[in-house]
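Mapped onto this note's numbering, the consecutive letters of the sequence shown carry residue numbers 1 to 196.
Think of the hints as simulated: they come from the structure by calculation, not from any bench. Among the hints, erroneous ones may be present.
Lysine-lysine pairs mimicking BS3-like chemistry, simulated, CA-CA at most 25 Å apart [claimed, not checked]:
hint	residue 1	residue 2
1	Lys108	Lys44
2	Lys44	Lys84
3	Lys88	Lys75
4	Lys44	Lys184
5	Lys44	Lys88
6	Lys184	Lys84
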Amino acid sequence: MSPGESLALSRHFVLHFLEHATRADVAVLDGVVVGAIVTRIEGKPGIFPWGAERMERTDAALDASSVAARAELRKARRWHVLDKEIEKAANVTSTALGEVELFLVSAKARGHGVGRLLWRAAMDYFARNSVTNCFLHTDSSCDMGFYDHQGFRRISEESLREASPTLRDMARRDVIGVDRPHEKLFLCVGPTVRSV
């Protein structure tokens with residue numbers, strides 16, 4: 001893909017996470033964004049009402065682009081569907097009304113408490129809204145120890161090696177030139193308030 005197409009695909013993913021977000025917190029250090037956490041509470045109105053329309057425009061631009069861009073957009077949409085299928089199979093939405101949609105901390109800011117502060121802000125938001133459990137999707141490339149330390153448990157684990165041929169195919173081609181058959185996808189659920 002061209003640099004512009006890659007940027008548009010990145011925009012698709014960000015807009016996907018913002019589309020239903022009910023809160024977003026950003027950490028800034030010396031004028032530079034070093035972390036973000038985007039959350040959603042089922043039934044609350046989204047805070048980015050323009051998200052769906054912008055995603056539609058972004059996707060239309062990708063659909064009108066190269067064959068590679070269209071293929072990457074189809075793959076992104078399949079990942080989104082896969083997340084919902086995993087949630088449904090685990091029946092997670094019956095026990096957790098809150099979701100951590102996106103949680104990122106810059107490598108430069110790790111180890112300085114940025115992630116902990118963002119996480120605490122999100123969990124406080126859930127607790128203030130009477131959400132006692134929340135869930136998130138992650139994979140083995142992330143710091144699973146962080147979520148374990150927060151009291152989260154993995155309720156679904158999909159190995160890309162053992163998963164359906166469609167999932168394996170998607171993973172193999174997720175990053176051009178990178179084969180990730182050993183990666184695992186996790187659905188985690190945990191409390192919004194830590195017991196002492």
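Verification of the hints:
{"no.": "1", "hint": "Lys108 / Lys44", "in the structure": "violated, 34 Å"}
{"no.": "2", "hint": "Lys44 / Lys84", "in the structure": "holds, 19 Å"}
{"no.": "3", "hint": "Lys88 / Lys75", "in the structure": "holds, 20 Å"}
{"no.": "4", "hint": "Lys44 / Lys184", "in the structure": "violated, 31 Å"}
{"no.": "5", "hint": "Lys44 / Lys88", "in the structure": "holds, 20 Å"}
{"no.": "6", "hint": "Lys184 / Lys84", "in the structure": "holds, 16 Å"}
Checked against the numbered hints above, the structure breaks hints 1, 4 and satisfies the rest.
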